[in-house]
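Asker: Each chain, letter by letter, is given below.
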Amino acid sequence: MEQKFVVTDEHGLHARPASAVVKVATPFTADLKLVSVGKAVNLKSLMSVLSMGLTKGSEFTLTAEGEDAQQALDTVGQALVEQGLAQRA
Amino acid sequence: MARRLTGIAASPGLGIGPAFVLRPPDLRFEPQESGADAAEQQQRFDEALQKSRADLQAVREQTAQKLGEEHAEIFDAHLLMLDDPELLDQVAAGLQGGQSAETALGAVSDTFIAVFETMEDEYMRERAADLRDVRNRVLSHLLGRPLTSLGDLREPAVLVAHDLTPSDTAALNRELVKGIVTAVGGRTSHSAIMARGLGLPAVVGVGEAAMTLESGISLIVDGELGRVLVEPGESALTEAQSRAQAYAERQGRLLALVGTEGRTKDGTRIELAANIGSPADLPIALEYGAEGVGLYRTEFLYMAQDRLPTEEEQYLAYRAVLEGMHGKPVIIRTLDIGGDKAAPYLDLPEEENPFLGFRAIRLCLARSEIFRVQLRALLRASVHGDLKIMFPLVSTLEELRQAKALLEEERQKLLAEGAEVAQNIPVGIMIEVPAAAVLAGTLAREADFFSVGSNDLIGYSMAADRMNEQVSGLYQPLNPSVLKMIQLTCEGAAHHGRWVGVCGEMAGDRLAMPLLVGLGVTELSMSAPALLSRREQLLNLDLAQAQRVAAEALTLGTAAEVEALVHREFGDAVAQPFTDSQGGE
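Sequence order for the protein chains is U and Y. Mapping of the first sequence onto the working numbering: position 6 corresponds to residue 6, and the numbering continues sequentially without gaps. Heads up: take any position in the second sequence, counting from 1, add 1000, and you land on the working numbering.
For the record, the hints were derived by calculation from the structure and aren't laboratory data. Incorrect hints may have been included.
[To be verified] Lysine to any residue pairs mimicking SDA-like chemistry, simulated, CA-CA at most 25 Å apart: (1) U:Lys4 <-> Y:Met1119; (2) U:Lys33 <-> Y:Arg1534; (3) U:Lys23 <-> Y:Asp1076; (4) Y:Lys1066 <-> U:Ala20; (5) Y:Lys1484 <-> Y:Leu1414.
[Unchecked claim] From the derived model, a few chain Y residues whose C-beta atoms are all more than 10 Å from chain U: (6) Asp1055; (7) Gln1305; (8) Arg1307.
Positions of the beta carbon are idealized from the N, C-alpha and C atoms, including for glycine.
All chains should be modelled from the sequences, with the hints used to inform the complete structure.
Answerer: This is the structure we're talking about:
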């Protein structure tokens, strides 16, 4: 299960809003990953997410596997859009 | 004898007190790569995490109380770093391999820190500092060596540090801390932003000399001028104390002026704008009530990397500034590079007289392929706000015509491509060369506005480099000759209904300001922290008096006479701030 996004925030996926998204992702049991330019990282790890260095216009995919995958994907996607961080592509 | 350190004015105010030098904690340890008991190390690590989490939660709460929820959010990121599954997994793997908790944590966090540090984006690079802060906290618990805590500060002091971590700043007691001095950092670093939030005077980026100061040594921090006076002496201290008092009262009055328009006592409108170097400078400009951007120096875009910035990169930066100012005027100066400001990739020849050489508009007209890219980016950004374009170092009418022709060509190309471009973009020039000042009446026919770049105009008028100690005494902003250059500029502009601004340091100078207004300048653009004091000064300035004093100044013989006249006429309104009187400028 996956969903594509484009970063819309001027500053890219930076610490404060990224923390909010990681917080949203953490309670789900599903295995959530952020994939960009061939690299996949754990969406529940703030440092891994930040270390991708996604800037405005970067495209990335969220993948989810596990029991609550669909719900996790929807909730995280909504958080990304609401924070003004990214748009569904 | 008093010494002086110079840095970046990060938060206004005058702070006096003994130094409290915050030395980095000694967190060295003997690495242990194998042979440690994994279970025991895991338990030590978990306990250290637990304690760190408790610390951070307390710090977060303190910050939310002192500075508000927005500032506290950075600690959410820190708490998440402590709980980071990737970091915890990698540390656990290290422990399984027989590493000690210190070694495993050190290795894993160093890897992430290295990743952040190599990122192009400055904001991301700063995350390395956050992680270092978190790592040091955990290490201090592992090693049983408590971090030097600002919470232990019992006496009033001026805080001196290499750089303040967010948790340092949160732990500081604003009743006791009188000012902040850091060795590194810029106007947008954590230390600077938090100091402004706390209303504490701060000077950042004074260099490693800061760390050679000893705790207890007497300091005066001037956060408006970006200076730190070391061991000022009895009488200077007493004087500073009374001035700090007056300063605090004045600060309260000044902050009430944010959001008002610049006007003289009799109601003449004088626009007060800010000089900026990048979109990152905007929040501060707005915080101090800038009515526009009077000078956006675009050369930082060109000097920040080892290649030319692309049209898109420039467009995004210009657009960010235009949008950030929400319809207020923004004057963007085209590339002012060459001479002493080099970009190695341009491969410019060494010059015997760089100030009389191949720079600014001269370089742009000769290397028009570079200039056209900037003009396109400017034209494309023009629809996002109130853009004015300004050419630097124009010394002849031909240069202005050529630059305008290139702009028109690029405009036509963009329109043909179907791009949107604003209808009327005012095009002005900087008056920095005596030739331009003298010819202002002619140039004003073809330029929509002038902005006096006083730093260069003074330098070229007096033929004196202010960085050269042998002749810096000749760099005289108040010399009648310089004032005459500005008068010629204003007269020439008025003849064709053009306006004149000043964007060099003179614009923010309390002594020069009444003279500039008296000569007919209607826009002053300066570094953001000076805006409010100039606004207050304007409110007490009578235009007729300013005109009379300016006219008299033009008849005087020396800069010293002009200065005496200004003091005599305007009295307290032009009294110098404390550190100015320490000389040396």
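Asker: Decide, hint by hint, whether the structure agrees.
Answerer: Structure-based check of each hint:
1. U:Lys4 <-> Y:Met1119: Between Lys4 (chain U) and Met1119 (chain Y) the Cα gap is close to 24 Å, so the pair holds against 25 Å.
2. U:Lys33 <-> Y:Arg1534: At roughly 54 Å apart (the allowed maximum being 25 Å), Arg1534 (chain Y) and Lys33 (chain U) break the hint.
3. U:Lys23 <-> Y:Asp1076: holds (9 Å)
4. Y:Lys1066 <-> U:Ala20: holds (22 Å)
5. Y:Lys1484 <-> Y:Leu1414: Cα-Cα ~42 Å, so violated.
6. Asp1055: holds (18 Å)
7. Gln1305: holds (14 Å)
8. Arg1307: holds (17 Å)
Hint violations for this structure: numbers 2 and 5, all remaining hints satisfied.
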